[in-house]
Amino acid sequence: MKKIVSIFFALLFANAAMAASLEDDVKQYVAIFSTESAVQPEVLESFAWMGISDPRVFDLIEQRVLRGADQAPKNKTKKNEIALSMRALGFSGQSKYANTLNKYVSDRTYARYAKTALKEMPDYQKWNAVISNRATFDPRYSDDANRILNMLHSDDFMLKRIGAKRVYFSNKDDVLLETLVSEIRATYGKTNIDSETSDAIAWMVKALASTGQERYQPFFQEVLEKSSDQKVKRYAERAFDR
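Numbers -19 to -1, 1 to 223, taken from mature numbering (1 follows the signal peptide of the UniProt record, and there is no 0), label the letters of the sequence shown in order.
Among these hints, one or two may not hold up.
Distance condition first, Cα-Cα at most 27 Å in a straight line; then the derived BS3-like pairs of lysine-lysine [to be verified]:
hint	residue 1	residue 2
1	Lys77	Lys107
2	Lys84	Lys59
3	Lys84	Lys146
4	Lys8	Lys59
5	Lys153	Lys212
6	Lys84	Lys96
7	Lys84	Lys107
8	Lys57	Lys96
9	Lys107	Lys171
10	Lys84	Lys60
11	Lys77	Lys59
12	Lys107	Lys57
13	Lys153	Lys96
Since the hints were derived computationally from the structure, they do not count as laboratory data.
Throw the hints in and build the complete structure from the sequences for me.
The structure is reproduced here in structure tokens:
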């Protein structure tokens, strides 16, 4: 099983020039969840940015949730796996899993995860098709970079924020950094924006600043001088401290 997971991550996050098909992604997940072995947290968390909704994957995860939660495991690692599996059901965007999640909204151990999954489910119902849209994939970039580009180019600022977080925590390919510059420049001048939009733009600034590259210092100065949003300005100012 460890070998399968290793191969999975090698395929999932490698900077290969040619993108695999969505079907290949699904099959890799099915191979992992078809066993009785424990699943690493990174695998379950990856559904937040993979854009996968296929029931072949999530039916297996649902079965794990029902079996695991009902057995009331005392092992902390197993409890965490069940909790993250609930979150994963939310990332599916499939309302068919709502009944299962609703079973645990009052559970002392899993309530927070079940409620969060139910809250996020409608968003991922919209987002997954955008994230995994291979019609927009550029064969010069990895699958991961292409998915992030889809997020950053979307019209939904909550999805842009997820894309920015992926850059911040994981992928700093040049094409993503230049896209961040374009997206920030197109949005930092907006006035009277809501808190979610402000947070998304701030995260894009934070992601760009996390590179520590001096070439972006003039751009951060531009944001600092021209943005009217205090949170965005604050993160632009922090970029100079790196």
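Tested hints:
A distance of roughly 15 Å separates the Cα atoms of Lys77 and Lys107; the hinted pair therefore holds under the 27 Å criterion. With a C-alpha separation of about 19 Å, the suggested pair Lys84 and Lys59 falls inside the 27 Å cut-off, and the hint holds. Distance check on the hinted pair: Lys84 and Lys146 sit about 31 Å apart at the alpha-carbon level, beyond 27 Å; violated. Restraint check for Lys8 and Lys59: satisfied, since their Cα atoms lie roughly 24 Å apart, inside the 27 Å limit.
Using a Cα cut-off of 27 Å, the hinted pair Lys153 and Lys212 holds, with the two alpha carbons roughly 23 Å apart. Of the pairs offered as hints, the one joining Lys84 and Lys96 holds, with about 10 Å between alpha carbons and a cut-off of 27 Å not exceeded. The suggested pairing of Lys84 with Lys107 holds, with an alpha-carbon distance near 24 Å, which does not exceed 27 Å. The straight-line distance between the Cα atoms of Lys57 and Lys96 is roughly 20 Å, inside the 27 Å bound, and the hint therefore holds.
Taking the CA atoms of Lys107 and Lys171, the gap is about 24 Å. The hint holds against a cut of 27 Å. A threshold of 27 Å between alpha carbons decides the hint, and for Lys84 with Lys60 the separation of about 16 Å falls inside it, so the pair holds. Only pairs whose Cα atoms come within 27 Å are accepted, and Lys77 paired with Lys59 is accepted, the gap being roughly 24 Å. This hinted pair does not check out: Lys107 and Lys57 have alpha carbons roughly 33 Å apart, beyond 27 Å.
Using a Cα cut-off of 27 Å, the hinted pair Lys153 and Lys96 is violated, with the two alpha carbons roughly 32 Å apart.
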